[in-house]
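Chain order of the listed sequences is A and B. Per our numbering, the very first residue in the first sequence carries number 1; after that it's consecutive. Per our numbering, the very first residue in the second sequence carries number 1; after that it's consecutive.
Certain hints may be false.
Here are the simulated lysine-lysine pairs, DSS-like style, with alpha carbons at most 27 angstroms apart [what the hints assert, rightly or not]: (1) K109(A) <-> K9(B); (2) K167(A) <-> K114(A); (3) K167(A) <-> K9(B).
Not close to chain A: a few residues of chain B, all C-beta gaps over 10 angstroms, as computed [as the list claims (entries may be wrong)]: (4) R49; (5) N99; (6) T165; (7) K168; (8) G169; (9) L170; (10) G171; (11) I172; (12) A173.
Since the hints were derived computationally from the structure, they do not count as laboratory data. Glycine included, C-beta positions come from ideal geometry on N, C-alpha and C.
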Amino acid sequence: MAETKAVKEEHSSCIDSLARNPLYVGLAIGILAALVQVLLISAGGPEAYGFCVACHTRDVVNDGVNAVAGTKLALAAISQNAILPMMTVVGVLIGAFASARYYTEFKTKTGSTKSYVWYLLGGLLFMIFALFMGGCPYRMGLRIGYGDVVALIGLVAIVAGVFVGIKIATAIAEREG
Amino acid sequence: MAAAGWLSKDAAIIAVPIVTLLFGLLIGWLGQRSGFCSVGGFRDFFLFRHTRLLYGYLALIGGAFIGYLVFWLITPSAFENFFWLMGKGLMPVPGAPANLTVVAYIVLAVISGIAVGFIGVLLGGCPLRQVVMTSEGNIKSLCFVIGMCIGGVVFAAWVSGWGVTLLKGLGIA
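Only chain B is shown next, with the shape it has when bound in the complex (with noise of 0.2 angstroms):
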């Protein structure tokens, strides 16, 4: 059975777009207010031992999880796997190449991080912030933002396959 939310499908695929647009700007003020950054958070902390940005991405996980249970207890029919663990155990939720072994998964987790959180690092900071800095005037985020779209494109178009067929190839996928 399909997840069921507060809108019907026909009123949610009109929403869609709407909805996401008015969170966007929302996040968009506040992360220009805060300077929120996950990446910076764990940065600031190993450098400098500075936790305000730290908190801001725990508290991100910590609100998230309060904003599940909650809606959930409401509408339990939007949230089909939660808590997720206890339903599905250790594969994750779908958004990664699908088909895949729990092994390949987690290897895709380690290595991906590793290299996300070195490039955030080096380039000065995780997707939102250069996407803030863009809106700032910040050309250099902007060539990172374009730089994403472009990869979102190969991605889809190449690399993904690439990768499972490697993964195949290993054989851990």
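Okay, chain A solo, but in the shape it has when bound (with noise of 0.2 angstroms):
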């Protein structure tokens, strides 16, 4: 225990510092989504799409599918000419994996069997609204960057729906309180 609470402090160091401020993260994640276009837009568009949670996972479970069932279901450009498709959310769970891992964080959270249910609705509905919106909203974010309105009304939608969100749970939980 003693020699997991040195490694930890030793890390507790400048570069982790600034990887623990959102600030920063966001501002790197917005400058890194634009030099992986500048990278690979030769590869197929659309524009503004270097980091997009709801589409990524699209894209690689639906040439997945189409790779095994022989479907034509829709993908982005990109990931439909080059050899795999846009990997970053794989990524995301590997390295976000490592680094809980590595600082001792990874704990399993279980949940009741009806929570289980209503989280695995609750991220199919998300998925279907946000391709129907073009993203999910770090795409929103990136979109806005590149100067698209329809992603800002888009934006203050999600702000709208998180602000009704807010209002309902509040409610209930007095109701109940």
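From these two lone chains plus the hints, build me the complex, please.
Structure follows, in structure tokens:
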């Protein structure tokens, strides 16, 4: 135990304090998403596609389903043209797992069966709506930076949705409270 | 003319999975350390007036603009339509179902945005946060991510077409 603590303290260093600040993380994601576009855009569009959790997940899954089942499910041109689709979300899964292990923050958290069903349904619906909008909140951010007004409208709607969600959740909590 | 970046087309089609995997690894590490979350940023601001996560998301928009601007100055051919509003007006960047009218895209953005924010805040985070929490061992988040994977297939196979048909039926597509 003492050893892991020492490891932890050693790495609460300069780089880690930067990595723990969402401000720098956001800046890094935005700038690097532009770098991804300047590097890879020759493989195909769309633009402002450097980072999107919804779309890139869709690309990986649909490409896999197409390969296995011989279907023609739609995915972004860049993922269609490349030897493998955009692997960003796979990277996030591995990177976050490695980080959680390294900093001894990995902990299995379970829930009720009912909560699993809600999260499964929630993820399914979230994905469908995100794809109708053309991306998750992160791609909305990239598209706003790229000069897309509809993405800005989408973001305002997301904020409205968050606001309504909070109001309903607090109302329910108070009634049961 | 097709957009041209730093890598040729032949090199880029091989580099796509490698570059994006490395980018993802970095985001995964940063996301795990910082608890980065877009929906969480707005939630914390409304509930507690905490601005830590909110500034992170706003920095992402600012960082994206700076990045696009700088790289556009260096290599304009990789950003054919930057700054989008100047050349393309109100039409959105492709990604949502193709070949609809501006009005239809705005309707989709409003309805979907509200739903995305609503679902995100009730289930404790935006998709990035859910993926990161999955890697931290949260089984509920794992269910969310599995739901997202199914949702991608369901959308492409059926729902996308239904949505477009509905919009056309209503006369706004």
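Cβ separation check - L170(B) to all of chain A, threshold 10 angstroms: holds, 14 angstroms
With 10 angstroms as the threshold, tell me whether G169(B) passes as away from chain A on beta-carbon distances. holds, 16 angstroms
Minimum Cβ separation between T165(B) and chain A greater than 10 angstroms? For T165(B), whose nearest Cβ neighbour in chain A is about 13 angstroms away, the distance exceeds 10 angstroms, so it holds.
Given the hint that K109(A) pairs with K9(B), test it: the Cα-Cα distance must not exceed 27 angstroms. violated, 44 angstroms
A cut-off of 10 angstroms on Cβ-Cβ distance, and G171(B) was said to be off the interface with chain A. Does that hold? holds, 18 angstroms
With the threshold set at 27 angstroms, check whether the alpha-carbon distance from K167(A) to K114(A) stays at or below it. It holds: about 23 angstroms lies between the C-alpha atoms, which stays within 27 angstroms.
Consistency of the no-contact label for K168(B), given chain A and a CB cut of 10 angstroms: holds, 14 angstroms
Would I172(B) pass as off the interface with chain A, using Cβ distances and a cut of 10 angstroms? Holds, since 14 angstroms exceeds 10 angstroms.
With the threshold set at 27 angstroms, check whether the alpha-carbon distance from K167(A) to K9(B) stays at or below it. violated, 49 angstroms
Hey, is R49(B) genuinely clear of chain A, shortest beta carbon separation above 10 angstroms? holds, 13 angstroms
10 angstroms Cβ clearance of A173(B) from chain A: holds, 12 angstroms
Any Cβ of chain A at or closer than 10 angstroms to N99(B), or is the non-interface label fine? Correct as stated: the minimum Cβ-Cβ distance to chain A is 13 angstroms, above 10 angstroms.
Of the hints listed earlier, those the structure fails to meet are numbers 1 and 3, in rising order.
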